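Can you build the whole structure from these sequences, using the hints too?
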Amino acid sequence: MIPEPTATAASRASAQNRNSHDEANSSGAVNHSEDESGNENRQKSVRRRKRPHEGSENVKRKSAKASRSSVRRAGGSRGKQRHVEAVTLFEVVTMGRSAMQAVIDDWIEAYVTDRDSSLLDLISFFIQCSGCKGVVTAEMCQSKEDSEVMSKMVEELDEVSGLQYKKFLAFPWILTVTWPMDTDSVEYPLIQSGPYGRWFHSEFCDFVSVLVAQCQHSVIFDSYLMNTLISLLTELSDSYVRAFRHTCTLAAVKLLSSLVAVALSLSVSIENSQKLHEVQKTKTRQKSTLQQERIQKKITELQEKRAEIESMMDIIFKGIFLKRYRDVLPEIRSICMEELGLWMKLYSSAFLTDSYLKYMGWMMHDKMPDVRLKCVLGLQGLYGDPPLLPKLDLFTSRFKDRMMSMTLDKDNEVAVQTMKLLLLISKTSDDVLSPKDYKQLLQFVYSSQRPLAATAGELLFSRLLNTVAPASDTQDEINEEEAHKQQTSARLKALLQFYQESELHKHVVYLVDSLWDCGGALLKDWHTLTSILLQDSSSHGPGLTQAEQAVLVEILVASVRQAAEGPALAGRSGAKKVMNAREKKTQLDDCTKLTDHLLVVLPKLLSKFSGSCDIVASLMKIPQYFLSECPEADNTQAVSGLTAEMGAILDRHSGPPVLETAARTFLSLCGAETAWCSVARAARDSLVQCWVDQLTTLLGDTVSLKVIKALGESQSFSADEEKTGEILATLKKLRAFHNCHDLLKWNVFELLSPLLSVESSEGGALPEVLLEVLQCLCYCMLWSLNTSTETLTSREKAVAQRLQLRLFCERGNQCLSHSDHSVRQQAFLGVCDVLTAHSYQLQVWDPSSFGPLLYTPSPKLQRALLTFVCMHVFVGPDCDSQSSVSDNSEVERLEDLHKRRNLLAAFCKLIVHGVLEMSMAAEVFMYYVKYYNDFGDIIKEMMYRTRQMDRIESARTLVLCLQQLFVRLKREQESGGRTHPGVQTFTCIKELARRFTLTFGDLVKFRECVVMIHRSGIEFVFQEFSQTPETPTPPYLSYLTILSEFSGKLLKPDKKTVFSYLQKHTAEHIIDLREECWQPLIYYRASLLAVAEGEDAVSYVSSDRKLYLPNRSPFSKQKLEGSKSPCAFSPVDSKASKVHKSSFSPSNQERTTDMDPFSVPVEPPAKRLNIEGSVLSTGNEADDDTVEVEL
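In my numbering, the protein residues as written are 1 to 1191.
Just so you know, the hints here were simulated from the structure itself, not pulled from any lab data. Treat the hints with caution; some may be incorrect.
[As the list claims (entries may be wrong)] Listed next, the in silico DSS-like pairs over lysine-lysine satisfying Cα-Cα at most 27 Å (straight line):
#: 1; residue 1: K506; residue 2: K524
#: 2; residue 1: K323; residue 2: K391
#: 3; residue 1: K576; residue 2: K621
#: 4; residue 1: K608; residue 2: K485
#: 5; residue 1: K358; residue 2: K400
#: 6; residue 1: K305; residue 2: K254
#: 7; residue 1: K323; residue 2: K283
#: 8; residue 1: K593; residue 2: K576
#: 9; residue 1: K524; residue 2: K427
#: 10; residue 1: K318; residue 2: K254
#: 11; residue 1: K254; residue 2: K323
#: 12; residue 1: K506; residue 2: K493
#: 13; residue 1: K297; residue 2: K283
#: 14; residue 1: K275; residue 2: K345
#: 15; residue 1: K391; residue 2: K318
#: 16; residue 1: K940; residue 2: K1005
#: 17; residue 1: K427; residue 2: K493
#: 18; residue 1: K524; residue 2: K576
#: 19; residue 1: K427; residue 2: K391
#: 20; residue 1: K345; residue 2: K427
#: 21; residue 1: K899; residue 2: K930
#: 22; residue 1: K420; residue 2: K493
#: 23; residue 1: K604; residue 2: K593
#: 24; residue 1: K524; residue 2: K584
#: 25; residue 1: K604; residue 2: K576
#: 26; residue 1: K524; residue 2: K485
#: 27; residue 1: K1052; residue 2: K1005
#: 28; residue 1: K436; residue 2: K493
#: 29; residue 1: K493; residue 2: K593
#: 30; residue 1: K275; residue 2: K305
#: 31; residue 1: K506; residue 2: K576
#: 32; residue 1: K576; residue 2: K420
#: 33; residue 1: K621; residue 2: K608
#: 34; residue 1: K860; residue 2: K899
#: 35; residue 1: K318; residue 2: K358
#: 36; residue 1: K420; residue 2: K524
None of the values given here were measured: they were computed from a predicted structure.
What follows is the structure, encoded as structure tokens:
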């Protein structure tokens, strides 16, 4: 607390008298919250500290500013009496740095006047900053070495009073802090979340630094302030209370950092004084001698002060740092390591030694990433300063392996900063890292984390690429452009060599992305890149090999993509997602430059490398990144030359990479927003027309009409190997372009559909031809459905489209039985995709205009699709198709699994879009558990989607699935034959039911569904069953055990209803619960009752054998004890007991039995809780007309 200026004299006199009195009496109790000197500000500060610091910050800031101005005015006119409201130092922290400096100056003035009172205010400040709202008392101490005094230093808690105590020595006082026991669990200011915690941390650190800065020329050397402050921080930082330990450790290390600044200032003053002293030595006058003595005296004083500061620093380091740098709290360890790096950088003469560096090396093994990060950041500051490097040699040799291993740190930021540290080391010291180390570090250019890869790319650029210089004896005769070309060529060769030595093929885009930030100028030099690719090998010495040319083309394409799209790459994270205005401007300029240059040069490159399929496939990707607004866009001649070269390449190559890339490139060039779209569309139409004409001629010669007597007409496919190859190549080109472009005006469907009618047994087309035909026809139908709003302008066109759809589905159905597996798969996928697209178009078309007509797949097609899924997707391990795959490599197995997942997903979409009946999903649900690892996510998603469509119908599908599996198992057991692979065991069916149960999360939401499942199960077991001596039990009675898995999902109002429905179906039969054959019924009945009682079914079945049922009502217990008949009850035997039981039933219970047992009550379950309890305790037996529990 800051004393009032008008009362400082009296306060000081009172304090001196009190101190002398305490010394005379050896020791006495002094409470710093009780001031007998009449100081009003001290009394106000006590009242302020006793209430929690939770008031309005705005009010406090206003009062603080007012009081600060009052203090200044009072300081200027000390003769006037003013009553000023005091401001605690803790509140000063909330005012900002400007207010802090002024108030600290006032505190220093008060300290000079009354240092004990001011020091107690400072002590209270640190305790309040720790979040402690307790009481601090002080008593005087004469000597630090008093053994009796040291024995009183304790820290304990009193569980009776709920208080904690800490008594410690802050000479000349023994301080006692008392606070509530739950302080350690409360958030103190330093760890509070949000902006307040970060702001308080900054302001608190500023307070300590400003305090030392303002005291460095005065009271810091009085051997009183710093001793007390260091004692306080040492004791509190050693507390087991986290808040004290964290806050005071931060204050201590910041105090040491501030003392480092003071020591540096003193060192500068000493150095200047020594220079001045040397100057004075050159003078011979007597006056100069006096000045020399005066300067020497000043130097001695400064050196003594620096020695005293260094002594304080050593005390803080040994007393606080050495204990806290391995603290259990990671925040404290981070603080220590961060400040240690600062000390070694700023005051290297004292701290940059191996005895201090070892702590930095040890803590690089810390288990917390933030601590390791602070160590690495501190080392970056040291290695970045060249004068400090000689002192780091021993540390580097000792901890180099650890720094290398930290590049693989699980924390991405630690790995990135470690890579930057090693980059600094490589730039400053050439002999530290070995070639083996460089080989390990440079592989990080392929890392999945872009910041780490970019740092490794900078290392690669500085180590290999930036140091390469072209060797030439005639350097003076070579012009600047040629020199630049040779230097770029040398760098590119070094890059190609690095890529080939790394042996990581198909990773060029990642390598370019890693080098983009540091070597963008090299990679964007498209003029030099293309000139190197176009030059002949004989013109300038040995040229590039074919492999190097292929890699250089990949680098060219990757640099074009990087310039046009940015660093977003699949599989690489950490890239900047949003570009600023400057980056967008750079991207636009780069796109303009690459378009202007490559639009002219690309045809030459295509012509040179037209014989290499892979190279031209890569080069044809470049036009996809052209900018249509560039000045060169109006050059239609260049676009014509480009499309002509691409057409020539398509005539020469028919591989999938070339065709797909060409189709996408033409799609980009033919866009409506491009300036060259008319030229590109004309070239594309010319190519397609040529292929259609060629295919029409070839098919006219190979497909002939054959008349078969009494069977009508059919077609046969006859072609030699050469014609078949031409047909196949043309079909591949049409298929690739039809995937991206609308080719409906060429009537490809009518041209190719006759090929599907050719029977394979009568000279049908080859499987390769049928595969391409199926894909082309599928694309025709998809484009026809997609453009329905524009093309269907009359009903006749809509009818024609539906006829095409029907024809395609019929021909696809025929291909499902083809001998070739790939043809069957393509036919299945084509039919599923077309039917899904047709269903989607029916949902989105405008009813006011013509649209696609409704088409429903025939039952034969639906059965064929379902059969195909069951036979080709859910393939068991003992089947032939799976055994052949299991013998092959893991890659082939995964590819086969991927194909089967696509088939299943296509079929599930038909059910989700309503093309197929939802009941057909029952066959898929059967394999939910058996193939959960392979297809569980797809089946679960279909279950979720169908449940969104219709909950009840989806639940019926689950019931149908379980019943079908159960019936198949029953028939297999009755036949006594070998178990069929498609039949699941009873345990598997029960597990499947349990997994179905887990999908019903919200009991209220799926209430009707669960009740319907129970009702259907009871009907499935007892319906159409007539009891005879030969068949005493229903044949499907064991299904009740499966049905019991759903009992846990019943709400309390529905449990009694389901139980009544069960009793209704069992009332007509004679049931002896003592016989083993009725165990499923006992188990299911017990599951219904046990759920109501909070037990499981097994424990409830065992309780049925006992004399007393737990958790039952007294009436129920008494009734069971009175009915111990050893024989089974029949309907005749139970007549007498029905009247007795009904008299104990609630009045509304009789009405319930007459109602629909599956009607859902109107009241929510919570309102019916009491009624349900009575029903479950007495009403269950009251409604039972036939069955009693046998004891």
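Status of each hint after checking the structure:
1. K506 to K524: Satisfied, since the Cα-Cα distance of roughly 20 Å is no more than 27 Å.
2. K323 to K391: holds (26 Å)
3. K576 to K621: holds (24 Å)
4. K608 to K485: holds (21 Å)
5. K358 to K400: holds (13 Å)
6. K305 to K254: holds (20 Å)
7. K323 to K283: violated (53 Å)
8. K593 to K576: holds (23 Å)
9. K524 to K427: Holds: K524 and K427 sit about 25 Å apart, inside 27 Å.
10. K318 to K254: holds (15 Å)
11. K254 to K323: holds (16 Å)
12. K506 to K493: Given pair K506, K493 holds - Cα atoms ~18 Å apart, limit 27 Å.
13. K297 to K283: Holds, at roughly 18 Å.
14. K275 to K345: holds (25 Å)
15. K391 to K318: holds (22 Å)
16. K940 to K1005: It holds: about 18 Å lies between the C-alpha atoms, which stays within 27 Å.
17. K427 to K493: holds (23 Å)
18. K524 to K576: Between K524 and K576 the Cα gap is close to 20 Å, so the pair holds against 27 Å.
19. K427 to K391: With a Cα-Cα distance of about 17 Å, the restraint between K427 and K391 holds, given a limit of 27 Å.
20. K345 to K427: holds (19 Å)
21. K899 to K930: holds (19 Å)
22. K420 to K493: holds (26 Å)
23. K604 to K593: holds (18 Å)
24. K524 to K584: holds (16 Å)
25. K604 to K576: violated (36 Å)
26. K524 to K485: Holds, at roughly 13 Å.
27. K1052 to K1005: Roughly 14 Å between the alpha carbons, so the hint for K1052 and K1005 holds.
28. K436 to K493: Holds, because 21 Å separates the two Cα atoms, which is no more than 27 Å.
29. K493 to K593: holds (24 Å)
30. K275 to K305: holds (19 Å)
31. K506 to K576: holds (24 Å)
32. K576 to K420: holds (19 Å)
33. K621 to K608: This hinted pair holds, its Cα atoms lying about 16 Å apart.
34. K860 to K899: holds (24 Å)
35. K318 to K358: With Cα atoms ~15 Å apart, K318 and K358 stay inside 27 Å; holds.
36. K420 to K524: holds (25 Å)
In the structure shown, a violation is registered for the earlier hints numbered 7, 25, in ascending order.
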